[in-house]
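S.K.: Chains as they are written, first to last, in our numbering: chain A, 63 to 401; chain B, -1 to 285.
To be clear, the hints were calculated from the coordinates, so they are not data collected in a lab. Glycine is no exception: its CB is placed at the ideal position from the N, C-alpha and C atoms. Heads up, none of these hints are tricks.
Covered stretches of chain B (in silico footprint by chain A; criterion: 3 or more residues with CB under 8 Å from a CB of chain A, positions within the stretch not fixed):
#1 23 to 34
#2 108 to 114
#3 171 to 185
#4 212 to 226
#5 250 to 263
#6 266 to 275
Listed below, chain by chain, are the residues.
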Amino acid sequence: MESRGRQPVADVALQGGNIAVAEVADRGKVLQKLRMTDIGFRWLTRGAAIAVLLILGGIIVSLVWGSLEAIGKFGFGFLVTESWNPVTEQFGALSPIYGTIVTSIIAMVIAVPIGLFIALFLTELCPMFLRRPIGIAIELLAGIPSIIYGIWGLFVFAPFLQQHVQPFLINTLGNVPGIGGLFAGPPYGIGVLTAGLILAIMVLPFITSISRDVFSAVPPVLKEAAYGLGCTTWEVSRYVVLPFTRVGVIGGVMLGLGRALGETMAVTFVIGNAHRISASIMAPGTTISATIANEFTEAVEPIYTSSLILLGLILFAITFIVLACARLLLMRLNARVGA
Amino acid sequence: MALVSGAKSPLYAQRRRRNGIAMALAYAATAFGLTWLVLILAVLLWNGFSGLSLRVFTEMTPPPGAAGGLLNPILGSIVMTGIAVIIGTPLGILAGTYMAEYGRYDKLSAVVRFINDILLSAPSIVIGLFIYEIMVAQMGHFSAWAGAIALAVIVVPVVVRTTEDMLILVPDTLREAAASIGLPRALMIQKVAYRAARAGMITGVLLAVARISGETAPLLFTALNNQFWSTNMNAPMASLPVVIFQFALSPYKDWQELAWTGALIITLSVLTLSIVARALASQSKSQ
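Isolated chain A, as found in the complex (with noise of 0.2 Å):
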C-alpha cells in the first residue's frame, strides 16, 4: 500500500513549481530533491541570520580600523580634551561628548513626562473612538524625517525662540541664583537648548508608544480593584499602573535616549557647530553626530578622518550600552508578562 496516501506528497510538491521537471517518474528522486532544497533553504535563512551578526561586526570592526591612528595620536586624552582644531591638527572630544549629553537631558527632562501624561490620556482618559487616531497622530511625528525637523527648527522654531522665549528665559531664570548661568547671554535662537528641545518633540513618540503599549498591558483586575477601594484616576495611575510598568517604561525611556543621543540631521541644523563648552545653554554647541555630518567631508588629512571616526566608535559605543539596557528591560518585562 504504498502509493495511494502518498501520492500527494510529490504532487503538491510539483505543483508548487519548485522543480521544474515536467514528468518525473522516480519518486525517490523528487523526494531527494525536496529534501535538498528543506536543507538548502534552511542554511540560506540561517546564513541571513548570522548575516545580521556580520552587520554589527562589521560596524565595530570597521570604525575600530579607522581609528586605530586616532586612538594611536591621541590616546585616552581624547576623551577629556576640549580643544578641537583641525589646522594644528589637535583633537578632542569632550566638547561633543558634553553637547550630546546636555541636549538628551534637556529632550529626556521634558519628553519624559509629557510622554506619560500622553500614554495616560491614551489609556484612561481618551473616549474609545479617539484613542486610535490619536495615538496615530503622536506615531506620525515619529514618521517624519529628521531633516525635516532640522529646517523647521532652524527657519521657524530658532527665531521664535530667540524673538520670544529665550528673551524671556533670560530675563527671569538668567537672574535666580544658582541655575541662572544656565540661562545667561545673548538669544542666538541656534543653541544647546533649541536642539535640546526640538529633540524632545522627536523622541516624544518613542516614549509614548512604548509607555501606552505597557500601561494597556495592565491586568483590569488590579486597576479596578483599586478603583473599587476608591481611588481617583491619578491614584490608580501613580501608585498602581505605573510601579506595575515600571520596567517597560524605564525601557522606552531608554529607548528614546538611545535615538536622542544619535540623532544627527535635526540637531546639525539648529546647535551651532561650535567647539565649546559653555556653561549657558543658550549658547552653540555641537554634538557627536552633529560634528561628524558637518566636517567629514572636510577632512582632509588622514589624522582628521580618524578623529572623526573615533567620535562615531564613541556615539556608537554610548547608544549601545543605553540601547542594550533597554532591551534587556524590555525583554525582563515580556518574560514576566509570558509567565
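Please arrange chain B on chain A, whose structure you already have, making use of the hints.
M.R.: For chain B alone, kept in the frame of chain A given last:
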C-alpha cells in the same frame, strides 16, 4: 458613617483636586504633542506649496540665482531607495524566516533578535561611517552604490523585525496541516507561512521604505551629492534629503525655497507610506 463624612473632608477635597490637576495635565500633554504635528505640517505646506510646480519635477537643481527643479535628486532618491530595498528585503526576510521558523527558540535567534533590535535604533550616521570605511575608502571615490548599500543596512533590521513578528503570528495549525500532507518545511514556509503573513511582511517593507526615504546622515559621505543628472552608480548621486540639507543651509533665497518644496515632497510621501502601511497592517489583523 466615616465614609459619608469623608466625602466632605479636606483630605478628600485634596485628592479630588490632585486628580483634577493630573487629568488636566494629561489633556494638556496630548494637546502639546498634537500641536507640534499640526505646526510642522502647516509650516511645511505653507512654505513648500508655493514652490510646487511642474518645473520641480522636470528640471535639474539650479545654480544659485537661477530657476530650476529637483528632478535629479528625486530620481537619485528613487534609484538608491529602490536598490536598497532590493538588496535589504530578501536578506531581512530570510533572516526573519530563520528566527521564526527554524530556530524560534535557539540561541542564535535570541542573539540575532537582540542585535537586530539594537541595529534598528542605531544612529544612522554611524552606518554612514561604516559604509564609508568599507566602500568609499577602499574604492577611493564616493558612489551611488555606497549610498544604496548604506540604506540597505538600515532596511535589513526593519524587515527582519516585521517578518519575524508576522511569521510568529501565523497559526501553527496551518503549518501542521501543510506538514501532514507531506510538504517539506521549505515549501511549507514559502507556500503557506509567507502567504498567511504576506500583508504584514509588505507592511514591513513599506515601513522600511518610509524610513530610508528621509534618511540623510548615511548618504552625506557615501553617495555625496551631484549637481547634475547622473545615472552612473559608480559616481556621486544627488538625493532629495542631501539636497535639502545643502540648499537649506545656503544663503540663497531660491535654494532655500526649493529646500522647502523638497521637504514637503519627502514628508508627504513618507507620511502616505506609513499610513498605507498602517492600514494594511490593521486590515490583516482584523482578518
